[in-house]
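Enquirer: End of the sequence shown = 425 in our numbering, gap-free, step of one.
Just so you know, the hints here were simulated from the structure itself, not pulled from any lab data. For every residue, glycine included, the Cβ atom is placed at its ideal position computed from N, Cα and C. Warning: the hint list may mix true and false statements.
Unchecked claim - Restraint ranges, calculated between C-beta atoms of paired labels, are given here:
hint : residue 1 : residue 2 : range
1    : T177      : G289      : 30 to 40 Å
2    : P293      : T352      : 28 to 38 Å
3    : N288      : S242      : 19 to 29 Å
4    : N394      : A361      : 36 to 46 Å
5    : S242      : R349      : 44 to 54 Å
6    : A391      : D311      : 55 to 65 Å
7    : R423      : H295      : 37 to 47 Å
8    : T181      : T375      : 37 to 47 Å
9    : T352      : G289      : 17 to 27 Å
10   : S384      : S242      : 51 to 61 Å
11   : D311      : D202      : 22 to 32 Å
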Amino acid sequence: MKTRISLAVALATCALVAPTAAHADSTASVVDDINQAVSAQPAAATSPIDGDQHVTIPSTGDQRIRLTTVDTSVSIALPADGEGDEHGQTTVFDGSGQDAQIAAQPTLDGVRALVHIDGPSAPERYSFTIGGDVKKLYVLSDGSVAATDADGSALGVLAAPWATDANGTAVPTHYEVDGTTLTQVVEHKDGSYSYGITADPHWGWVHYSRALSKTETLNVIRFANNSRNATAVIGAAFGAVSGPGGIVLAHALTAFGFGQFASNLSDALARSNNRGTQIDAGLRCASVPFLPDPCWPEIWTRPR
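Working from the sequences, and respecting the hints, build out all of it.
Expert: Here is the structure:
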């Protein structure tokens, strides 16, 4: 399995109360609305990217966002047109649908591609084609979407979508996939909702890897044996991980079992002659298209 760094993409939808045309709102006010909606959500990083991550925001809406790591490349086609208008760290494009704008915003985790809806006549469906090394998307049983490469190995996961209106009321939303096209459906036209509706799916690389010394391994074993708190054990094993990556790791650890994880680490440490261990965690996907949930979390341990 390739080693991949933590990277995230969010596709968010924000609708305003006033049913004005998209061009009637200044870029600054659109970005203010987006930032306010995103900042109210947990683990919503807004800092510039750094490290080995690389995100390229296009200058026009008909070009793709590009995300690259040392061994993986992913691109995202936006439902957007026209020249981008930059405001701070956010680039805003005209949406390809009525009364909507599309924004791209790099973050510490990667990038968000956001849909800003100006009024009730805006579409309910927003499609993003994901390319590069991604060859297939699978809707999982909890509503999230796994992305796999040509070999069926998991590259990333889009966390299960959510949507709320300006008052915090849940708005029905879900994903639909067709090949490598992800469509987010936000049913904002049915029901009595206060505009300011926000939906925020989140993309993340799903493979985490860390080499541990003998002392670090023993510390993780101690946490795994004495705690059933997945966050605490993940913190000891991988450091602070939030968002969809944290969800994947928590699911992997819970499915694997705390006791089994500790036992396997002990065996790996013994086989390393007490030099240390290597832990890998992520999703394993089967390329069987008729399976309803072809991806599952898994943890691997081995001598260092």
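Enquirer: Hints the structure violates: just list their numbers, smallest first.
Expert: 4
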